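Asker: What follows is each chain in one-letter form.
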Amino acid sequence: MIGAFVLGCALHLAPDTHSGMQAAIDAVRAGDFLEAERAANGEQDVLTRHQAVVYVRHQAGDLDGALAEAESGSRAFPDDAWLQDRRVYIALTLRRSEVAEAAVGALERLADRATTTERDRWAATARGYRAELGELQRQLVARDCAERRSIWVTVGCLIASTTLLLGFARRGSV
Amino acid sequence: MAGDAPSAESAQPGQRFGAVIVLGVAGASGACTMAVELAAVRLLAPWFGTSTAVWTNVIGVILLALSVGYLLGARLSRVTSPQRVLALVLLVAAGLAAWLPGVAHIVAAWFLPEGLTLDEAARLLPWGSLATALVLFLPSTLLLGCVAPLSTEILQRSNRSSAGRAGGAVLCVSTLGSLAGTFGTTYFAVPELGLTRTFLVAGAILFALACLILLAPRTGAASHPSIAIVAALPFLSALLLARAPAPHAKHDMTLLEARESTYQSVRVVESGSGADRLRFLQVNESFDSFQSVWQERVGFLPDGFYYNYFAMPLWWSRDVTHWRVAVIGLGAGTALRVLDGAHPGGTTIESTGAEIDPVVVELARRWLDLGADAPGHRVLAGVDGRAALHSISGQLDLIVLDAYANQMEIPAHLSTREMFSEARAKLAPGGWLVSNVGGFSLEDPVVVAVARTLAASFEQRVIAVRVPFSRNCVLYARNRAELPVPRSPGWRVGSPEVDRKLSAVELSGTWAWFEPSARDSLTDDLNCIEALQRRSILAASEHARAKDSR
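Chains L and U, in that order, give the protein sequences. Under our numbering, think of the first position of the first sequence as 43, with each following residue one higher. Under our numbering, think of the first position of the second sequence as 451, with each following residue one higher.
Note that these hints are calculated values from the structure, not bench results. Fair warning: there could be bad hints in the mix.
[Said to hold, decoys possible] Derived list of chain L stretches under chain U, where covered just means 3 residues or more per stretch with a C-beta under 8 angstroms from a C-beta of chain U:
hint, stretch
1, 69 to 83
2, 165 to 172
[Said to hold, decoys possible] Here are some of the chain L residues that sit facing chain U, going by a computed Cβ distance under 8 angstroms:
hint, residue
3, G107
4, Q181
5, A184
6, R185
7, A188
8, E189
9, R191
10, S192
11, V195
12, T196
13, C199
14, S203
15, L206
16, L207
17, A211
On a predicted model such as this, the values are computed, not experimentally measured, just so you know. Think of the CB as a built atom: it goes at the ideal place given N, C-alpha and C, for glycine as much as any other residue.
Bound-form chain L, shown alone:
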């Protein structure tokens, strides 16, 4: 997945433009994430800079950092489908359902407004994410229900036990 992402990212770029992004990609391929981050931060174009930093942080395994940058970039550039895509992907990896929900919604809206070829691609991507998000949300809802159930059963059992204790004590068991 990450390999395909790298290739897609590289192919997306026109040569000799966005030199900071290209330098970041080259540095990541060379295994130098620090240099890649420097190159990404040196990118002139603001949108591309956000994308580059997300890419570097994600490749380096700093998922929280990558998500924070994707969030920041999405706020500044809400119509960038790539950033929304990364936002969903990383949020799902980190199991942050609310972030993923917001990002999937944004991706779906962008897909609706996109050109024909782009629309199909992003719509299919969003559908896949939506299914994954649904499963995550189901698990988290089940967890919350289980927690409430545990508390109620515990309280009920304790009340019943206390009632029995008091009842036996009052009836002269002691």
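Knowing the structure of chain L, use the given hints to seat chain U on it.
Answerer: For chain U alone, kept in the frame of chain L given last:
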């Protein structure tokens, strides 16, 4: 009137009852009570683990049930034939105990749904384990609590003795039985018989005791056989039907072997195929976690495994060509496999690994290529890590500390100033201590506490790096020598594969220094690591929620 206790002077011959039998019943019931209690925690372990919180919940439920049972037993002891009541109580308790393995997974699933990660489930563990323990263990233990007062009443009537004498005798024998049950369950029943058979044996003993009472002559206990037969049905059905589900792997993995040890449930699972095969050794509930990992070749593991960062000192200190290494918390030997394959050329390693659970070592030798004891590669199985450190003679160049209990708990005695000072005393000048600490960030309360304690013991700052693609941090401390500094000469080592991993933790926010702080140190006397671990889970979920809502 029915229910009034006859006076000692007017005790009918039919109510005479051998003191030996009733004391035997009390003793055996005590043993079964402890068997249920100790096996209870292990029964819950596949879902809730065996943390201190789970133990506290189970013990609390048992004590509550016993207290209610004592009063109920006192109430029931006023009947004309307490022997009959005792037999019925034992019959029902036998059935309830025998059915526990067969229904535990159903009840546990109500309170702990599948698919959660370790940190997501952590919130559920205290409440879920308490609710599960109440549903599963309250009824049977409550009935077992009735045995002591009923036995006392029977003994007092049949022997015409004083309440104190009868009560003291019952308590004495019951407690001795509990003692036998405690040791027998831990050291024999659970490891040798397994959990299902342990509960069935406890149920069978209670059933046999009930039959003994019913069939003993001139007790009057057998005058209503139909009631006894109905009460016996749960146990008899449990013999045929009550079975815990077979161990199984989760998350599209293949189960290779599962065993019960004195400490935990252990299993080896496999994922992938061919050269990409990975095997994991998991304990108890595991969730998305693992205790050890194996791949076919030695050396670095794929990204996301913190063990890779244990090898860095071998590169940073390349002037050392022969390394004496101790691994505290060896598990299945993952750390050693990484070191053995990921060191600079010309380096030799002599190792001693300590793993407290011998079953882990046994499975590791069978499935995860942990070698047999050999000169230069010792495995101390069944030895606590701190005790193992004491036993190692000579100086060490590297101590790897990777000891965890119950999935995510650092044992308190392995996270203190005294422990780290003892470790430092074993290190040669310039020697390293590397520790894995599970934590959600570099601000995680557990990471901060352990790092500051380590720094205080080594009397200099330590560095923590956040392992990429993981929930782990690795701490580095050095004995009377400088640590390498990220983004400075000396951090990278000239090997592309190693430098790639090192550069990933040079990014801002992925590493941090921790200064010595005596005030914030954990000590043997005062160690709040468990509270910190609870705070860590809470902080992580609140932090995520706060970020999500922005």
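Asker: Each hint: holds or not?
Answerer: Status of the hints after comparison with the structure:
no.	hint	verdict
1	69 to 83	holds (count 6)
2	165 to 172	violated (count 0)
3	G107	holds, 6 angstroms
4	Q181	holds, 4 angstroms
5	A184	holds, 4 angstroms
6	R185	holds, 6 angstroms
7	A188	holds, 5 angstroms
8	E189	holds, 6 angstroms
9	R191	holds, 6 angstroms
10	S192	holds, 4 angstroms
11	V195	holds, 4 angstroms
12	T196	holds, 5 angstroms
13	C199	holds, 4 angstroms
14	S203	holds, 5 angstroms
15	L206	holds, 5 angstroms
16	L207	holds, 6 angstroms
17	A211	holds, 7 angstroms
Of the numbered hints listed earlier, the single one contradicted by the structure is hint 2.
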